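For the sequence shown, position 10 (counting from the first letter as 1) is numbered 10 according to the numbering used here, and the numbering increases by one without interruption.
Simulated from the structure, these hints should not be mistaken for lab results. Take every hint as true, because none was put in to throw you off.
Derived DSSO-like pairs (lysine-lysine); straight-line CA-CA distance at most 30 Å:
id	residue 1	residue 2
1	K80	K48
2	K50	K60
3	K50	K27
4	K57	K69
5	K60	K48
6	K129	K57
7	K66	K54
Computed beta-carbon distance windows for the label pairs:
id	residue 1	residue 2	range
8	N124	M53	27 to 33 Å
9	K27	K91	30 to 36 Å
10	L74	L52	17 to 23 Å
11	F67	K91	30 to 36 Å
12	N109	E28	20 to 26 Å
13	L52	N121	30 to 36 Å
14	E123	V56	30 to 36 Å
15	I90	I61	30 to 36 Å
16	L107	D24	27 to 33 Å
17	I77	K50	16 to 22 Å
18	E6	P59	32 to 38 Å
19	M53	R117	18 to 24 Å
20	K54	G33	26 to 32 Å
21	G33	K93	31 to 37 Å
In this text, all values refer to a predicted model and were calculated from it rather than measured experimentally. Using N, Cα and C, we set each Cβ at its ideal position, and we do this for glycine too.
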Amino acid sequence: MKAIGEHVLLDSSVWLSYFLAENDLSKELIEEGKHLLMTSVLSIFEIKRKILMKNVKEPKIEEFLKFIKTRSLLLGIDEKICNSAVELSIKHKLHTIDSLIYCSSLLNNATLVTGDRHFENLENVFLLK
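Turn these sequences into a full structure, and let the hints steer you where they fit.
What follows is the structure, encoded as structure tokens:
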């Protein structure tokens, strides 16, 4: 994975792809141990919401969230991220949560790895296909 830097912020779509066994690249990235993996707390919300909507039972959800927290560094949202994300949201026409996650990756010198096409063509983004 040459296009991905040493520090990687995984978007919720990557974790969901891993959890649902939809993409071999997400599995490789998470299991290979070559990168410092990070996850935004906002992705925890997105992940839990999406798997609850798929009627996954609570113990399985908690097991998966615990796995995410042990495999990656959980990043919070602070005032600096919020202020910088506003400009990114306007400039790139990103939704609120997406701009906060993208900004978190930039401020942590990480490549954002995602399966979401609305991040396509943005700097420091690796799009899973």
